[in-house]
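Colleague: This is what each chain is made of:
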Amino acid sequence: MDLTEIFSISLGAILVQNFIFSQFLGLCPFMGVSTKMDTAVGMGIAVTFVMGVASAVCYGVDLLLVNFGLEYMQTVAYILVIASLVQFIEMFMKKTMHSLYEALGIYLPLITTNCAVLGVALLNTQNGYSFIESVVYGVTGGIGFLLAIVLFASVRERMDATSDCPKAFEGFPIALMSAGLIALAFMGFSGLDVFK
Amino acid sequence: MNFKNQLKEGIITQNPVLVQQLGLCSTMAITTSLFNGIGMGISVLIILTCSNIVISLLRKVIPNQIRIAAFIVVIAAFVTMVDLLLKAFLPDLSNSLGVFIPLIVVNCIILGRAEAFSYKNGVVASAVDGICQGIGYTLVLIAMCVIREFLGAGSFGGGVLNGGAGIQIFPADYGALMMIMPFGGFITLAALFALVQWALKRGDNNKKEEK
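Chains as they are written, first to last, in this note's numbering: chain A, 1 to 196; chain C, 1001 to 1211.
It should be emphasised that the hints constitute simulated quantities derived from the structure, not laboratory data.
No experiment lies behind these values; they were computed from the predicted model shown.
Some hints could be false.
[Stated by the list, open to error] Within a straight-line C-alpha distance of at most 30 Å, the following computed BS3-like cross-link-like pairs (lysine-lysine) qualify: (1) C:Lys1201 with A:Lys36; (2) A:Lys36 with A:Lys94; (3) A:Lys36 with A:Lys95; (4) C:Lys1201 with A:Lys167; (5) C:Lys1008 with C:Lys1060; (6) C:Lys1004 with C:Lys1060; (7) C:Lys1008 with A:Lys167; (8) C:Lys1008 with C:Lys1120; (9) C:Lys1004 with C:Lys1120.
Generate the whole structure from the sequences, applying the supplied hints.
Modeller: Below is the structure:
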């Protein structure tokens, strides 16, 4: 476990293999809550937090499952862990960090069905990451999500205010189109894959 | 109960992807060859129908407060079954879909239908709803696959027709590789969305004129 490896994982998760733009995970909240900058930032931070914690917890759950020879229960166990984790975080935040809780509002419970969270847990197991690698991958993957949603929200705010697009493309299609263009830009980062 | 109406809703007016905007992740991620598209579509169709039936059977037993968790457990059970079946009988498909098979658990279409339809309706209606919505989803996947595969690799039916190689319509060298990349997924889906939006709007206008 050296620093280069951690750096390579982080760089990969944030830019090269960005969860949104190259792995297509977590698109529903990405398209759903990116209409305003504030909510986008809130969602991004919440997802980063949950992804980090979920990676750590699911690593332990996986050890337990392997120990009892129950690997086939992986999906069920992970989603249950994530769902209860989100619920727990929600209650914990409500008690101790009320201002953050207010800011995140309804986005917290929605994270359960964000496929980036379950995706990161499954990918960690699939790639055989160690504990530290899993947590790093989870947190940086979340940062990648945050970066993507903030970039996209700022584009979308501008677009809704000023753009003049064909009738059929109004609303959702044009948003997808611009997400596609950002994905194209993110492809430029694939050259950074030098540490592998 | 009207099967024809539900089918029409599933395919066009209430299409899970193109109108309800659900299940976008898998729609864009795996639609690079017809084989993937059909495999994914049918897996979702089966899981959706089964989970709709079970949730509709249990709708009187599941307390309102914990319904989401209960739905997820039911869905996850069926997803695990399909995942294991695919690994055993169609390892190729299982490999090429990879992490997206277990991720059907959090596919918003299934949870969305559970919440919006099968939790409130009877067993038969829910089963029909599952089949219709599943068909709508599969058709969108097939459309995406055909467009992206044709423009990206110049072939048709990769993995299914012609012994798995697909029918080459023009040489693969001339294909726009971009369409197979993530970018192509976004653009193709945007175009399909625009098409449906245009068609639905035109239909509305026609109805107004008739009146």
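Colleague: Check the hint pairing C:Lys1201 with A:Lys36 against an upper bound of 30 Å on the C-alpha distance.
Modeller: Distance of about 27 Å is within 30 Å: holds.
Colleague: Between C:Lys1004 and C:Lys1120, is the straight-line Cα distance small enough, at 30 Å or below?
Modeller: holds (20 Å)
Colleague: Would the hint linking A:Lys36 and A:Lys95 be met if the CA-CA limit is 30 Å?
Modeller: holds (27 Å)
Colleague: Does the structure keep C:Lys1008 and C:Lys1120 at a Cα separation of 30 Å or less?
Modeller: holds (20 Å)
Colleague: Could you grab the alpha-carbon distance between A:Lys36 and A:Lys94 and see if it respects the 30 Å cut-off?
Modeller: holds (24 Å)
Colleague: Assess, step by step, whether the Cα of C:Lys1008 is no farther than 30 Å from the Cα of C:Lys1060, and give holds or violated.
Modeller: It holds: about 29 Å lies between the C-alpha atoms, which stays within 30 Å.
Colleague: Under the criterion that the straight-line Cα-Cα distance not exceed 30 Å, is the pair C:Lys1008, A:Lys167 satisfied?
Modeller: holds (24 Å)
Colleague: Sort out whether C:Lys1060 lies within 30 Å of C:Lys1004, counting only the CA atoms.
Modeller: holds (28 Å)
Colleague: Would you mind confirming whether the straight-line C-alpha gap from C:Lys1201 to A:Lys167 stays at or under 30 Å?
Modeller: holds (10 Å)
When each numbered hint is compared with the structure, no violation occurs for any of them.
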